[in-house]
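There are 2 protein chains.
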Amino acid sequence: MKRYNIAVVGATGAVGTEMLKVLEEYNLPIDNLKVIASPRSKGKEITFKDQKYTIETIEKGTFEDVDIALFSIGSSNSLKYVPQAVYEGALVIDNSNAYRMDDDVPLIVPEINPEFIKEHNGIIANPNCSTIQMVMALNPIRKKHVINKIIVSTYQAVSGTGQKAVNELRKQSQDYLNNDEVKTEVYPNQIAFNAIPLIDKVNDNGYTEEELKLNRETQKIFNNKEIKVTATAVRIPVFYGHSESIHLEFDIPVDLEEISYLLSNDDNIKLIDNPAENEYPTPLMSEETDQILVGRLRQDLNNEKALEMWVVGNNIRKGAALNAVQIADYVIKNNVIDGGQ
Amino acid sequence: MKRYNIAVVGATGAVGTEMLKVLEEYNLPIDNLKVIASPRSKGKEITFKDQKYTIETIEKGTFEDVDIALFSIGSSNSLKYVPQAVYEGALVIDNSNAYRMDDDVPLIVPEINPEFIKEHNGIIANPNCSTIQMVMALNPIRKKHVINKIIVSTYQAVSGTGQKAVNELRKQSQDYLNNDEVKTEVYPNQIAFNAIPLIDKVNDNGYTEEELKLNRETQKIFNNKEIKVTATAVRIPVFYGHSESIHLEFDIPVDLEEISYLLSNDDNIKLIDNPAENEYPTPLMSEETDQILVGRLRQDLNNEKALEMWVVGNNIRKGAALNAVQIADYVIKNNVIDGGQ
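The listed protein sequences correspond, in order, to chains A and B. The opening position of the first sequence corresponds to residue 1 in our numbering, with each subsequent residue numbered one higher. The opening position of the second sequence corresponds to residue 1 in our numbering, with each subsequent residue numbered one higher.
Just so you know, these hints were derived from the structure itself, not from any lab. Quick reminder that beta carbons are idealized off the backbone N, C-alpha and C, glycines included. Everything hinted at is true.
Which stretches of chain B does chain A cover? Using the computed rule of at least three CB atoms under 8 Å from a CB of chain A, they are:
{"id": "1", "stretch": "225-232"}
{"id": "2", "stretch": "293-305"}
List time: in silico DSSO-like cross-link candidates among lysine-lysine, alpha-carbon distance up to 30 Å:
{"id": "3", "chain 1": "A", "residue 1": "K305", "chain 2": "B", "residue 2": "K228"}
{"id": "4", "chain 1": "B", "residue 1": "K171", "chain 2": "A", "residue 2": "K183"}
{"id": "5", "chain 1": "B", "residue 1": "K305", "chain 2": "A", "residue 2": "K225"}
{"id": "6", "chain 1": "A", "residue 1": "K183", "chain 2": "B", "residue 2": "K270"}
{"id": "7", "chain 1": "B", "residue 1": "K201", "chain 2": "A", "residue 2": "K305"}
{"id": "8", "chain 1": "B", "residue 1": "K149", "chain 2": "A", "residue 2": "K144"}
{"id": "9", "chain 1": "A", "residue 1": "K144", "chain 2": "B", "residue 2": "K228"}
{"id": "10", "chain 1": "B", "residue 1": "K164", "chain 2": "B", "residue 2": "K183"}
{"id": "11", "chain 1": "A", "residue 1": "K228", "chain 2": "B", "residue 2": "K305"}
{"id": "12", "chain 1": "A", "residue 1": "K80", "chain 2": "A", "residue 2": "K164"}
{"id": "13", "chain 1": "B", "residue 1": "K80", "chain 2": "B", "residue 2": "K52"}
{"id": "14", "chain 1": "A", "residue 1": "K149", "chain 2": "B", "residue 2": "K143"}
{"id": "15", "chain 1": "A", "residue 1": "K270", "chain 2": "B", "residue 2": "K201"}
{"id": "16", "chain 1": "B", "residue 1": "K228", "chain 2": "A", "residue 2": "K225"}
Model the full assembly from the supplied sequences, consistent with the hints where possible.
Shown next as structure tokens:
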């Protein structure tokens, strides 16, 4: 069997660390592994499958012997280094926002639109974490029904911002509980025991990039401009696991039993929906699973053509690292590393 | 000036404690004050305006010399003791859900529907905390425009459950950060660094009582059955301050500047809406103010007749204790203690 040289770029970050973990679990046919991070981490060692690897930085020629490079270094760094990786011959799977909406870059959730993977021109984009878990929950429904409109409010974990934000929530919580001064560094406002209704940059229309991503990425992944998403994205003091309160509008009255059946028959979804017995998804539950958790399913009180649902996903795994590795896995198994088809 | 005998029933709870604080600030013409709690607290002393008061329990005749009794002891206890208080001659302002939807019990937010106060028959109901802050934010808007439909997702603080829940969030957070075992007592699931998408009992239609309150109480307070509210109520690890992500649908296209003008000209509302400069309401900000905080105002991306907003309120003060004392203040100033008109 052919083996591949893989690079993980941003290997010390929250997502990069998880990418290495998922690569171990998925057992891809790796020949050489390169672990790449910023100069700050250069020379440090990390362990992968009981073998030590020395962290490198990106230099001229770094990607010449790389087949697939998994990038998670943020948009501005991706814009700087992804073109080099492509030029030097690697296929890049990029977790940042930099290329997601480019017409010649496929935006992929392997369970939903794998058929677009082969159309890559050296870059495949990994969607935003909030988008991935929402489209995963909608997928079995939209295969059967026309979804016109989605209104979603998110409850997002700090790990979506990165490891520094995880540390900040921990430190601020300790300081707050000890009546010590709470310092802010990663977020402009205290996140411990608070909620911050602003994620990413603000646009002229008052929406944040995070909110707009939920609209445009959903349309691109479903290849359907008629699905309209209006979002409010909020950070809450949770370490791992994004939650979403989702309102879905259809063109016909909702049959809740059928929707429940569709969701429970999708292997990628776990329906936890017995609220009378306190059974519903919580972000803590998502730490243990790669499935998307769905619950609180109910018909809109005031609109027979709409329903409400609560969706929880592991933002670091299916929302980022796992989805990226699944794309790599598909590329290898289907031999579409050269793309451009 | 006439002076009144006031009782605070549930004086040691989260809301009762705040009621006493607000009573001190409001300087009502109090003759005698009774502080009443469960037998567990009987005989303990509390200080009110530099004077010591001994906590009593409810006995036969307790309310015979009481003019106004502020109750905050939960629905089942209210059902048990409010009738006695009314029978013994007190006007009850009840913070529980027990009587809110009774046809002969006014449900009051003094800034919105004070004209119904005088129609009481011995009981005036204080609305649910989530409802109060939402209707306060909607009030200047609905005076000018027809609101057809509201979709709201809440981010509720643990203090809404009571002092025990505040203690539980604190203890669980400490234990979690110290890698100690996290124990659950008040909530069925861990609330520290988690989100619980279920508040209050579940109905047959899948909605919780908390979610249904937002619909029926809003309609009763606005005296308008045409305002339809679909809610998802979620508890998050915040001590004080409820937040709400609100979607509003009108019968005509939204003029965002006008809505912004209406909100900023309401003294009870503070519009904090400059997200590009990181200015937006957070629950921590609500600890410092009795105003309802509104921000993230923007037109629905996909519906010119709808808008999105983020509303934060102090759930213990305006959401409970302050609103109750404001009702008492209105009763006294307008001499409608006998009601029944």
